[in-house]
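Please arrange chain B on chain A, whose structure you already have, making use of the hints.
Residue numbers (my numbering), protein chains in the order written: chain A, 18 to 116; chain B, 3 to 181.
Calculated directly from the structure, the hints in this document are not laboratory data.
Small disclaimer: the values here were computed from a predicted structure and weren't measured.
Ideal Cβ placement from N, Cα and C applies to all residues, glycine included.
Check the hints yourself; a few may be wrong.
Unchecked claim - A few chain B residues that face chain A, going by a derived Cβ cut-off under 8 Å, partial list only:
no. : residue
1   : L79
2   : L114
3   : T119
Unchecked claim - Subject to a maximum C-alpha distance of 25 Å in a straight line, what follows is the list of computed DSS-like cross-link-like pairs (lysine-lysine):
no. : chain 1 : residue 1 : chain 2 : residue 2
4   : A       : K42       : B       : K148
5   : A       : K42       : A       : K115
6   : A       : K42       : B       : K90
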Amino acid sequence: MGQEFVLLVSASVFCVGVCGFVIRKNPLIMFMSVELMLNSVNFLLITYSSFLNSLDGQIFALFIMTVAAAEVVVGLAIILTIFRTRHEMDVDHIDALKG
Amino acid sequence: MFDLATVFEFTRDTVILTVGITAVLASLGVILCSSPIYCALYLISHMICLALLFLLYNAEFLAVVQIIVYAGAVMILFLFIIALLGGKKEIQENSLERSIAFGLIFTLLGELYLSATVGPTKQIEGTINSEMFGTAKAIGLELFSKHIVAFELASAVLLVAAVGVICLAKFSFTPLKRR
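Okay, chain A solo, but in the shape it has when bound:
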């Protein structure tokens, strides 16, 4: 399959991720949208490493997976702490740090 299809799939998934991050109010689903964005970039890196016959893209994707795993763990711990103190899950109501 050509490069255009790969670009289209990756751009679509990235935009769906951005859209989900903007329109959803549940922090868990916002995190899932971030995962979608990271995954679309991973997909593009891996396919282009195959097109260009170079392994650098795959190594980069591996590091993105590492950072994403660390980010998810810290983010879920923060969500859990917020839920323990506030007992609600709507990001519109979590505005204690707003000036």
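Chain B in isolation, oriented as in the chain A frame:
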């Protein structure tokens, strides 16, 4: 009669097309479902589709890593948190802000696609021979020769994340006072 290579190419293209469209549809399911547990299930199917695509584009090792790390560890963590917090349904109303967000996102999609396809991609000569491209051996050789510093830094990142999560989970915080 058909050439065997042509049939193989056609089958590969068909499978890539199907799995790619399934991945996009599953990602749409993630953001459009009301219940978080269904979102997580859609996200798992999206990850599995992406792992299949990685396999089809000569990245066996990363396909396995995708299954183990994402569909295994990260999504199970998500499901645990959803089970702990209770997956309440979210009321989705169609407001003006939401329509504006959709419009902006479609503009972004068009811009991304156009900016990516106007210039040709140059074919470069890689140094990896094609039999072991994407295998664990090739990735390991590359990782431990050219990218050893980044690898060590990644271990530091994971350690800091683990310590930070323990700090967040261990010490209890007093509830914030509303002003």
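Notebook entry, point to check: Quick one, is the T119(B) hint okay against chain A at 8 Å, beta carbons?
Noted result: With a closest approach of 6 Å, the T119(B) hint holds.
Need the status of pair K42(A), K115(A): alpha-carbon distance at most 25 Å?
Given that 25 Å is the threshold and the Cα spacing comes to 17 Å, the pair holds.
With 8 Å as the cut and Cβ atoms as the points, is L79(B) at the interface with chain A? OK, holds: L79(B) within 8 Å of chain A, min 6 Å.
Checking one constraint from the list: CA of K42(A) to CA of K90(B), max 25 Å. Satisfied? holds, 12 Å
Mind checking the CB of L114(B) against every CB in chain A and telling me if the closest is under 8 Å? holds, 4 Å
- Query: For the pair supplied as a hint, K42(A) and K148(B), is the alpha-carbon distance within the 25 Å limit?
  - Reply: Violated, at roughly 42 Å.
Hint compliance for this structure: hint 4 is the single one not met.
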